[in-house]
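Now for the letters of each chain:
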Amino acid sequence: MGEKLLMKGNEVIAEAAIRAGCRHYFGYPITPQTEIAHYMAKKMPEVDGTFVQAESEIAAINMVYGAASAGARVLTSSSSPGISLKQEGISYIAGAELPAVVVNIVRCGPGLGGILPAQCDYFQAVKGGGHGDYKMVVLAPCSVQELYEMTVEAFNISDKYRILTMIMGDGILGQMMEAVEFKDKEDIISPDKNWATTGTQMKREHNVVTSIFINPEVLENHNHKLQEKYALITENEIKVETYNCENADIIVAAFGTVARIIKNVIKMAEKEGIKVGLIRPITLWPFPERAFQKYADVPKAFLTVELNAGQMLEDVKLAVNGKKPVHFYGRMGGMLPTQQEILDKIKDILK
Amino acid sequence: MMAQQEIIIAGFGGQGILSAGRLLAYAGMLDNKHVSWLPSYGPEMRGGTANCHVTISDEPVGSPILNSSTALVVMNGPSLDKFESMVVSGGMIITDSSLVERDIKRADIDLFEIPATKIASDMGNLTYANIILLGKLIARTNVVSKENFEEALKKVLPEKKHYMIPEEMKALELGMNY
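As given, the protein sequences belong to chains A and B, one line each in that order.
With this note's numbering applied, the first sequence corresponds to residues 125 to 475, in that order.
With this note's numbering applied, the second sequence corresponds to residues 109 to 286, in that order.
Among the clues, some could well be false.
Pairs of lysine-lysine residues, derived as DSS-like cross-links and limited to a Cα-Cα distance of at most 25 Å, are as follows [what the hints assert, rightly or not]:
1. B:262 x A:128
2. A:167 x B:269
3. B:262 x A:167
4. B:263 x A:166
5. B:268 x A:166
6. A:317 x A:327
7. B:269 x A:166
Some chain B residues judged to face chain A by a derived CB distance under 10 Å, without partners named [to be verified]:
8. 129
9. 136
10. 138
11. 142
12. 147
13. 167
14. 170
15. 171
16. 173
17. 264
18. 266
These are computed hints drawn from the structure, not numbers from a lab.
Note that the structure is predicted; figures quoted are calculated from it, not measured.
From the three backbone atoms N, C-alpha and C, an ideal C-beta is built for every residue, glycine too.
I would like the entire structure built from these sequences, with the hints used as guidance.
Next up, the structure:
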């Protein structure tokens, strides 16, 4: 590990991407993630990379499609309204099985909403915001150090499975500064991209990258192939943090920024003799169902805390499968729950 | 030092509010503490007030957004109005009394009124006002070490501005001893 630096989350994502070998960035500015584009504009020329401020989010995601088709490690980033604009391209990338990384530093909605932190794009990310039966890997870091590590990881996962990986943060993670330690060298896992459209040199058959399959038998086979890939990823790539769950009176499910608040709540509750556990999904898709199943018999109840009206709640309920009640507490509009609010909710549930 | 210091620094855009917080966080990190720095990035930034939340702790930082603070450093009246009530009982408020005109309403906190902008002006550079106020904060709380504050200046300031560091440290000491 190198020197400890104090850096902004957004800048760390950009630096991590460059360290992971990403040499192509296409984006369009939007608060609260514009520092990613700033950083790329400054740094990409220094590493012979390409930075393009596209004319729109839609153009940017299609540039991603192009660069990924040619086998390049490529990144785009935006925030909620911009990610909505990218959905068509995201679906095409899923259909064409292209590896690429998309960052969503989520802000509150719907519509233009506001610029403050939220987790209201959970459904869009994990249930398919674009059309068609597709999945993308969704990583939810909760610290600046994790933004670094998971950005590198995102490129590796994408290349390994030829899939789109999203890093989902929020305005706090993007804007905050924390200590980060970069490795001297990244572990880059990138299989041979012999499918890429790199020019035949008249020595091989044409490679074709496409998402159009007019013949129904062919398309159904393609659909099955995608589903098998998603099953393989579900088998191999689930990441979850479980904390304090043994003998817990209640287990809280939370991801990203909210999980940090919960860790403080756990300490507060301890002083009052209440044992609170935490299950923090790190991959939102694939969802860590087994972690919930493992602890389903332990607590009196589960509580899901999110910065939305209750989205991951549905996946928690599916995983707990009726074994215990699953409660919900959420704030919206860029508001955050205080530790006291959450503790009061916990006490209310355990009453 | 308390196990966790939660500091809000607030004032107008351009007073070095965000960089003051960043210096503090950097120094805390060099002191081997857990730190976080979060700027206001809301619409109020446009031509108006700026603030940042800094946490310096012996333990990993939970929410970087503060619901209350152990110390408030304010460099204008509107910021005092906005944050005065957030300081915990027994906490500390440090004001730039050259710019904050009204009296503090709280009686349950330690108050330090320092004419930082006036002192900085006498030094010949208004941009030292934020450092003067940090001097008092550091002297009263030991939230970071003076040595690592100087190191933080070296890390945060671009090379071409390193010639200013001796003056910055002089400003810090003026604040410490005020």
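Hint-by-hint comparison with the structure:
1. B:262 x A:128: holds (14 Å)
2. A:167 x B:269: holds (22 Å)
3. B:262 x A:167: holds (22 Å)
4. B:263 x A:166: holds (19 Å)
5. B:268 x A:166: Holds. Residue 268 (chain B) to residue 166 (chain A) sits at ~19 Å (cutoff 25 Å).
6. A:317 x A:327: holds (16 Å)
7. B:269 x A:166: OK: residue 269 (chain B) and residue 166 (chain A) at ~21 Å, within 25 Å.
8. 129: holds (9 Å)
9. 136: holds (9 Å)
10. 138: holds (8 Å)
11. 142: This interface hint holds because 8 Å falls under the 10 Å limit.
12. 147: This interface hint holds because 6 Å falls under the 10 Å limit.
13. 167: Holds. Min distance 9 Å.
14. 170: Nearest chain A Cβ about 3 Å off; hint holds.
15. 171: Where the cut-off is 10 Å and the nearest Cβ of chain A is about 5 Å from residue 171 (chain B), the hint holds.
16. 173: Interface hint status for residue 173 (chain B): holds (6 Å vs cutoff 10 Å).
17. 264: Cβ of residue 264 (chain B) sits 8 Å from chain A, so the hint holds.
18. 266: With Cβ-Cβ at 14 Å, over 10 Å, it is violated.
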